[in-house]
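From just these sequences and the hints, can you work out the full model?
Numbered per full-length UniProt numbering, the sequence shown spans residues 1 to 125.
Any given hint might turn out to be false.
Have a look at the derived ranges for each label pair, beta carbon to beta carbon [stated by the list, open to error]:
1. D8 <-> E109: 12 to 22 Å
2. A14 <-> T83: 15 to 25 Å
3. A14 <-> S107: 32 to 42 Å
4. D8 <-> S107: 25 to 35 Å
5. A25 <-> A65: 33 to 43 Å
6. A14 <-> G91: 16 to 26 Å
7. G27 <-> D92: 17 to 27 Å
8. A24 <-> P56: 17 to 27 Å
9. P47 <-> P75: 15 to 25 Å
10. A65 <-> D22: 12 to 22 Å
Treat the hints as calculated values from the structure; they're not laboratory data.
The C-beta atom is built at its ideal place from N, Cα and C for all residues, glycine as well.
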Amino acid sequence: MPPRRRTDPADGRAALQAWRADPAAAGTPVRRTAVRFTLEELADVAPGNAVEVRVPPDGAVQAVAGPRHTRGTPPNVVETDPTTWLALAAGDLTWDEAVAAGSVHASGERADLSHLLPLQAARTR
Numbered sequence: 001m002p003p004r005r006r007t008d009p010a011d012g013r014a015a016l017q018a019w020r021a022d023p024a025a026a027g028t029p030v031r032r033t034a035v036r037f038t039l040e041e042l043a044d045v046a047p048g049n050a051v052e053v054r055v056p057p058d059g060a061v062q063a064v065a066g067p068r069h070t071r072g073t074p075p076n077v078v079e080t081d082p083t084t085w086l087a088l089a090a091g092d093l094t095w096d097e098a099v100a101a102g103s104v105h106a107s108g109e110r111a112d113l114s115h116l117l118p119l120q121a122a123r124t125r
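Below you can see the structure in the form of structure tokens.
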């Protein structure tokens, strides 16, 4: 299967801006574009294959330098819902707040993304 095409940055920023303006009205295609765009940025900022970041049902990416996993469940996994992911990416929610609330499930010694968030493309401040 060929690799999925990257999100156009203008489309990604527009989707993220629309989602931030009114998450309830943004709709699934807008949310999905915003999630994929921010996951792609995470992979650009922290290239590697040590951590799998899952935001079901919208996307997943491998990021962060370190040992690469090749079979089965990766040893370092971060999983969250789209709303929490976008709030983290935008800086509207901190990593510690999301973990404490149980909105982020992180396993493995490299599965702490606090030093990578918020993402630059998502910042408005």
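How the hints compare with the structure:
{"no.": "1", "hint": "D8 <-> E109: 12 to 22 Å", "result": "35 Å, violated"}
{"no.": "2", "hint": "A14 <-> T83: 15 to 25 Å", "result": "19 Å, holds"}
{"no.": "3", "hint": "A14 <-> S107: 32 to 42 Å", "result": "34 Å, holds"}
{"no.": "4", "hint": "D8 <-> S107: 25 to 35 Å", "result": "33 Å, holds"}
{"no.": "5", "hint": "A25 <-> A65: 33 to 43 Å", "result": "38 Å, holds"}
{"no.": "6", "hint": "A14 <-> G91: 16 to 26 Å", "result": "19 Å, holds"}
{"no.": "7", "hint": "G27 <-> D92: 17 to 27 Å", "result": "19 Å, holds"}
{"no.": "8", "hint": "A24 <-> P56: 17 to 27 Å", "result": "20 Å, holds"}
{"no.": "9", "hint": "P47 <-> P75: 15 to 25 Å", "result": "18 Å, holds"}
{"no.": "10", "hint": "A65 <-> D22: 12 to 22 Å", "result": "37 Å, violated"}
When each numbered hint is compared with the structure, violations occur for hints 1, 10.
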